[in-house]
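Protein sequence lines, in the order shown, are assigned to chains A, B and C.
My numbering puts the first residue of the first sequence at 1, with every later residue one more than the last.
My numbering puts the first residue of the second sequence at 1, with every later residue one more than the last.
My numbering puts the first residue of the third sequence at 1, with every later residue one more than the last.
Think of the hints as simulated: they come from the structure by calculation, not from any bench.
Accuracy of the hints is not assured; some may be wrong.
Claimed, not checked - If we take Cβ atoms under 7 Å as the criterion, some of the chain B residues that face chain C in the derived model are:
no.	residue
1	Thr73
2	Asn74
3	Leu239
4	Asp240
5	Gly244
6	Gly343
7	Lys448
8	Thr556
Stated by the list, open to error - When the alpha-carbon atoms are kept at most 20 Å apart in a straight line, the in silico SDA-like pairs for lysine to any residue are as follows:
no.	chain 1	residue 1	chain 2	residue 2
9	B	Lys519	C	Lys36
10	B	Lys348	B	Tyr419
11	C	Lys60	B	Ser498
12	C	Lys36	C	Trp142
13	A	Lys250	B	Gly520
14	C	Lys161	B	Gly520
15	A	Lys177	B	Tyr419
Every value quoted in this text rests on a predicted model; they were computed, and no experiment measured them.
Note that the Cβ used here is the ideal one computed from N, Cα and C, for glycine as well.
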Amino acid sequence: MKKAILSILAISALVFSSCDRIENENRLIFSGAVGEWYDGSPVEDHTHRALLEKYTGVRCVNCPNADIEISNALQHFGHSLIAVSIHDSCTFTRPYEGDPDMRTPDGNELSHFFGVFNGDYPNALVSRTKKTTGEWDLFTPTAGVDSHVEPIVNAPATIALDVTAQAVDNDGNITIKASIEFLESCSDTLALTLFVMEDGIIASQLSKEGKINGYVHNHILRDIITDWQGTEIKADGNAGECRYAIFQYKIDTTLWNPENCHIVAFVSNKNTMLVLNAAECSIE
Amino acid sequence: MIKQRSNLRTPFVLCVAILACFSTPTFAQGILGGHVTGNIQLDGQISRRDTIIGSNDVPEKLLTNARADILYTNGDFSAGLRYEAYLNPMLGFNNQYKGQGIANYFVSYKTQDFAITAGHYYEQFGNGLTLRAYEDRYLGLDNALFGLNVMYRPWKGVTFKGLIGRQRVYWGMGEGIVRGLDGELNLNEIVKPWEESRTRITLGGSFVSKYEDDETILSEISGYKLNLPKNIGAGSVRLDLSHGGFGLQAEYALKGQDPNIMNNYIYRTGQALWLSASYSQKGLSANIQAKRVDNMGFKSVRSQTGEMLYINYIPAITKQHTYAFLSMYPYATQSAGEMGLQGDFMYKFKKETLLGGKYGTDLHINASLIRGLDSTIVGGRGTEGYTSTFFGTGDLYYGDLSIELAKKLSNKLKLTTTYGYVAFNPIVEGHAGDIHHNHVVIGDLTWKINKKNVIRFEAEWMGSDSHYDADIDDKRCGDWIMGLVEYNFTSAWFVSLSDQYAYHDGIGNYYNISVGYTKGATRLQLGYGKQREGIICIGGVCRQVPASNGLTFSLTTSF
Amino acid sequence: MKKIILTFAATLLFGFAMAQNAKIPENITLKTLDGKTVESSIIQNDGKPIIISFWATWCKPCNRELNAIKEVYDEWREETGVKLVAISIDDARSASRVKPHVDGNEWEYEVYLDQNQEFKRAMNVINVPHTFLINGKGEIVWQHTSYVDGSEEELFELVRKLANGEEI
Numbered sequence: 001m002k003k004a005i006l007s008i009l010a011i012s013a014l015v016f017s018s019c020d021r022i023e024n025e026n027r028l029i030f031s032g033a034v035g036e037w038y039d040g041s042p043v044e045d046h047t048h049r050a051l052l053e054k055y056t057g058v059r060c061v062n063c064p065n066a067d068i069e070i071s072n073a074l075q076h077f078g079h080s081l082i083a084v085s086i087h088d089s090c091t092f093t094r095p096y097e098g099d100p101d102m103r104t105p106d107g108n109e110l111s112h113f114f115g116v117f118n119g120d121y122p123n124a125l126v127s128r129t130k131k132t133t134g135e136w137d138l139f140t141p142t143a144g145v146d147s148h149v150e151p152i153v154n155a156p157a158t159i160a161l162d163v164t165a166q167a168v169d170n171d172g173n174i175t176i177k178a179s180i181e182f183l184e185s186c187s188d189t190l191a192l193t194l195f196v197m198e199d200g201i202i203a204s205q206l207s208k209e210g211k212i213n214g215y216v217h218n219h220i221l222r223d224i225i226t227d228w229q230g231t232e233i234k235a236d237g238n239a240g241e242c243r244y245a246i247f248q249y250k251i252d253t254t255l256w257n258p259e260n261c262h263i264v265a266f267v268s269n270k271n272t273m274l275v276l277n278a279a280e281c282s283i284e
Numbered sequence: 001m002i003k004q005r006s007n008l009r010t011p012f013v014l015c016v017a018i019l020a021c022f023s024t025p026t027f028a029q030g031i032l033g034g035h036v037t038g039n040i041q042l043d044g045q046i047s048r049r050d051t052i053i054g055s056n057d058v059p060e061k062l063l064t065n066a067r068a069d070i071l072y073t074n075g076d077f078s079a080g081l082r083y084e085a086y087l088n089p090m091l092g093f094n095n096q097y098k099g100q101g102i103a104n105y106f107v108s109y110k111t112q113d114f115a116i117t118a119g120h121y122y123e124q125f126g127n128g129l130t131l132r133a134y135e136d137r138y139l140g141l142d143n144a145l146f147g148l149n150v151m152y153r154p155w156k157g158v159t160f161k162g163l164i165g166r167q168r169v170y171w172g173m174g175e176g177i178v179r180g181l182d183g184e185l186n187l188n189e190i191v192k193p194w195e196e197s198r199t200r201i202t203l204g205g206s207f208v209s210k211y212e213d214d215e216t217i218l219s220e221i222s223g224y225k226l227n228l229p230k231n232i233g234a235g236s237v238r239l240d241l242s243h244g245g246f247g248l249q250a251e252y253a254l255k256g257q258d259p260n261i262m263n264n265y266i267y268r269t270g271q272a273l274w275l276s277a278s279y280s281q282k283g284l285s286a287n288i289q290a291k292r293v294d295n296m297g298f299k300s301v302r303s304q305t306g307e308m309l310y311i312n313y314i315p316a317i318t319k320q321h322t323y324a325f326l327s328m329y330p331y332a333t334q335s336a337g338e339m340g341l342q343g344d345f346m347y348k349f350k351k352e353t354l355l356g357g358k359y360g361t362d363l364h365i366n367a368s369l370i371r372g373l374d375s376t377i378v379g380g381r382g383t384e385g386y387t388s389t390f391f392g393t394g395d396l397y398y399g400d401l402s403i404e405l406a407k408k409l410s411n412k413l414k415l416t417t418t419y420g421y422v423a424f425n426p427i428v429e430g431h432a433g434d435i436h437h438n439h440v441v442i443g444d445l446t447w448k449i450n451k452k453n454v455i456r457f458e459a460e461w462m463g464s465d466s467h468y469d470a471d472i473d474d475k476r477c478g479d480w481i482m483g484l485v486e487y488n489f490t491s492a493w494f495v496s497l498s499d500q501y502a503y504h505d506g507i508g509n510y511y512n513i514s515v516g517y518t519k520g521a522t523r524l525q526l527g528y529g530k531q532r533e534g535i536i537c538i539g540g541v542c543r544q545v546p547a548s549n550g551l552t553f554s555l556t557t558s559f
Numbered sequence: 001m002k003k004i005i006l007t008f009a010a011t012l013l014f015g016f017a018m019a020q021n022a023k024i025p026e027n028i029t030l031k032t033l034d035g036k037t038v039e040s041s042i043i044q045n046d047g048k049p050i051i052i053s054f055w056a057t058w059c060k061p062c063n064r065e066l067n068a069i070k071e072v073y074d075e076w077r078e079e080t081g082v083k084l085v086a087i088s089i090d091d092a093r094s095a096s097r098v099k100p101h102v103d104g105n106e107w108e109y110e111v112y113l114d115q116n117q118e119f120k121r122a123m124n125v126i127n128v129p130h131t132f133l134i135n136g137k138g139e140i141v142w143q144h145t146s147y148v149d150g151s152e153e154e155l156f157e158l159v160r161k162l163a164n165g166e167e168i
């Protein structure tokens with residue numbers, strides 16, 4: 001009889017243990033492949049947005065003026081203009097003692113590629129357009145931002161782009177979904193680039209009037225999720241084609257404030273680097 | 001996740017062969033002895049279009065459901081099988097029943113202390129909070145387990161049950177594997193000095209676990225799917241205590257993380273508490289039940305909606321009303337979450353007293369109140385879902401009160417009068433809208449003319465604050481009257497005529513005529529008329545039935 | 001396949017003819033009103049007739065039948081020694097109300113709970129009320145489904161015959 005009880009207890013223990021418990025942090029499994037492109041659904045918003053990449057530095061006296069010009073342009077164009085501030089590693093960008101470091105290796109790559117490095121600061125490029133002479137259409141963004149942006153946003157978009165980002169947990173893990181729809185056929189190879197941005201970074205900034213303590217730096221490029229040249233979009237390029245890809249990223253919550261972070265995405269020509277459309281989103 | 005029924009065939013052939021062996025000449029010679037019993041039911045329906053009640057033409061003209069149970073018993077051994085045919089399923093039965101075949105077969109060996117069943121079986125642990133495999137032919141519901149079921153009584157008063165199997169779903173089988181253990185101790189039989197005690201105590205406990213393979217359920221966060229638990233357990237403890245006229249029954253169940261389609265894939269654990277206290281003596285009884293259910297829907301296939309594949313059963317504690325207008329708004333347990341309270345009181349006024357009169361009077365009062373949980377949503381799929389306070393309550397779901405007086409007026413006349421009140425929140429049927437408040441008055445008179453002729457009259461009235469609205473199309477709204485006359489000639493024949501009519505703020509006129517003939521255990525019934533669309537509920541499980549207009553027939557027999 | 005079914009059907013029909021007077025199944029688990037587990041073999045009456053009535057608290061005709069028999073039960077018992085066993089098929093929803101219901105109605109019957117409806121299936125009961133008459137040998141000699149006021153008198157005629165040793 002004891003044997004019977006023991007065997008019943010043993011079976012009970014076995015059955016009891018066969019009950020899975022999944023803690024909060026383990027409940028989600030990444031099911032896509034990073035950068036893999038899938039057929040998607042149409043993108044509702046067909047807005048053509050311009051991407052303004054501004055090269056700036058905390059020790060650059062004219063840079064605060066560029067910030068004023070750009071914030072005016074942002075007000076004027078609303079959601080049609082997306083601004084990005086890039087800190088390369090030239091002498092102007094060296095942080096002041098105790099301030100956060102906004103320099104990034106990817107920023108350096110871009111600065112070198114577009115021929116900004118150790119040149120004039122501030123410097124800007126809108127949607128990576130070229131002059132008729134074939135040089136990059138760089139300009140000093142303390143004035144004339146509107147005239148660079150206007151022709152782009154007034155032209156209809158050839159590709160529609162939508163980006164969304166969601167927090168997976170409280171540790172900074174996020175997923176980003178980028179969806180595109182070809183509004184016109186396109187035979188060029190295209191690339192998607194994703195920037196992680198942060199607003200509201202407090203760091204001293206040199207100006208014509210001297211050093212400003214507690215200066216608020218907005219739309220700062222923190223990192224590039226894709227390759228700095230973008231990741232190739234796998235698509236046939238026929239008009240009406242819809243594709244999407246999912247990316248994973250972990251925000252460095254020790255150095256950045258995740259609540260102030262947002263994502264900028266843009267589609268560019270893989271060879272000419274020309275930006276066809278851009279989009280931004282906050283992290284939900 | 002439903003396997004095709006083709007894999008039912010091989011065991012079926014085997015089973016037929018076994019049964020055939022037992023019933024071949026040896027049986028007739030009486031060497032093996034044994035008995036074959038069974039029952040057959042055939043239901044049919046012819047429905048025509050009626051725009052007012054919303055019934056449609058049936059392309060097949062005739063719909064039939066048929067089944068036959070055949071049972072062979074020989075001492076401790078028994079075996080059975082059931083044939084079912086839905087050609088095509090009657091209105092209200094799921095179309096996946098379409099077809100015919102052997103839906104259920106088993107062999108069983110059972111002695112006093114030991115029982116084993118292989119094949120299809122039905123089982124219940126405690127009150128069913130963790131497991132109840134059962135069928136209800138009128139609901140088209142059958143969640144029989146197919147597998148092995150064992151019962152063992154090592155000593156007097158101690159019962160263990162163990163089972164493993166998969167559940168039937170229409171003509172197939174759910175993918176999930178269900179395993180369960182149950183133990184019950186009757187202390188009065190175990191503890192010698194308590195044997196004759198007036199206090200009777202039974203304790204029980206059960207554990208049920210379900211295994212289901214992984215599948216892709218996407219998270220609300222793009223790019224992620226859920227990490228699903230493959231083994232889901234539920235356990236319960238229960239008590240049944242009585243002392244003379246007092247009785248107390250309680251069961252508490254817990255369920256592990258079980259993200260499923262009914263709870264929108266949340267990881268909150270489930271729990272249910274059920275309590276019943278009663279007192280009774282000759283001519284008087286009182287009973288109170290309370291219940292709290294929180295995320296307790298437990299199915300063997302996580303993505304299954306509807307009434308099939310439930311492993312557990314959470315009884316509704318509202319009274320099962322039988323009069324038409326009182327049962328117009330039946331209530332089914334909201335396994336996602338609810339709090340309920342029910343009270344029942346019966347009293348017999350003695351003969352030769354003021355209220356009792358010459359023959360005595362029966363008073364029966366019942367009231368119930370069901371509310372939602374006081375819950376706060378904390379997230380969607382893949383999260384805890386919501387939090388709730390144990391004693392807090394939310395929206396009113398259902399409330400009713402019924403007072404019934406039954407009185408024998410003379411040797412020939414018996415009158416039952418009922419007043420009822422029902423408050424019903426349409427949200428429990430899944431749609432928004434105002435709460436309906438209904439008052440119901442019923443008179444039910446039986447006139448025994450002589451030994452062979454009995455007539456029964458029934459009149460019902462329902463006043464409601466609801467109005468028929470074509471957008472919502474709830475045909476129960478409005479004020480109604482109903483009349484019914486039933487004539488019985490001996491216990492063999494009956495004819496009944498009835499009509500329900502919405503005289504104010506509602507639509508519909510449902511007339512019906514039925515004729516029935518009963519001989520022994522055989523009953524044939526024919527009906528012609530209009531059947532309201534509605535919800536049929538039996539024991540807390542409900543099924544939507546569309547309107548029909550036409551002829552129905554039903555034949556049942558047992559042998 | 002077809003052959004098997006045909007053979008099976010034929011043997012069944014044959015078996016059926018032989019299988020009159022089936023006995024009540026013995027090893028079905030039932031519960032008493034105070035929670036004790038018993039076997040259906042407990043249904044005994046010292047060689048005297050037994051009425052087995054399947055009912056439920058929510059079933060109106062069942063209640064009418066059991067209430068009508070209550071009025072005459074003492075006389076029936078005195079005259080024939082018959083015993084009525086009431087099997088409640090109430091499920092968890094109303095099973096806890098069975099005992100109060102029985103007491104409240106002053107029924108003196110032997111009442112068992114068949115919550116899992118195992119006995120109901122074994123006895124091939126489709127609807128309630130369903131009444132069986134069992135002879136002294138434990139054989140089912142008569143059964144009837146449904147109840148109409150007054151039909152308890154027909155039932156008692158049969159009980160009387162059985163008690164007198166007549167065939168039904």
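* Violating hint indices (sorted, rising) -> Result: hints 2, 3, 5, 6, 9, 12, 13, 15 break, sorted rising.
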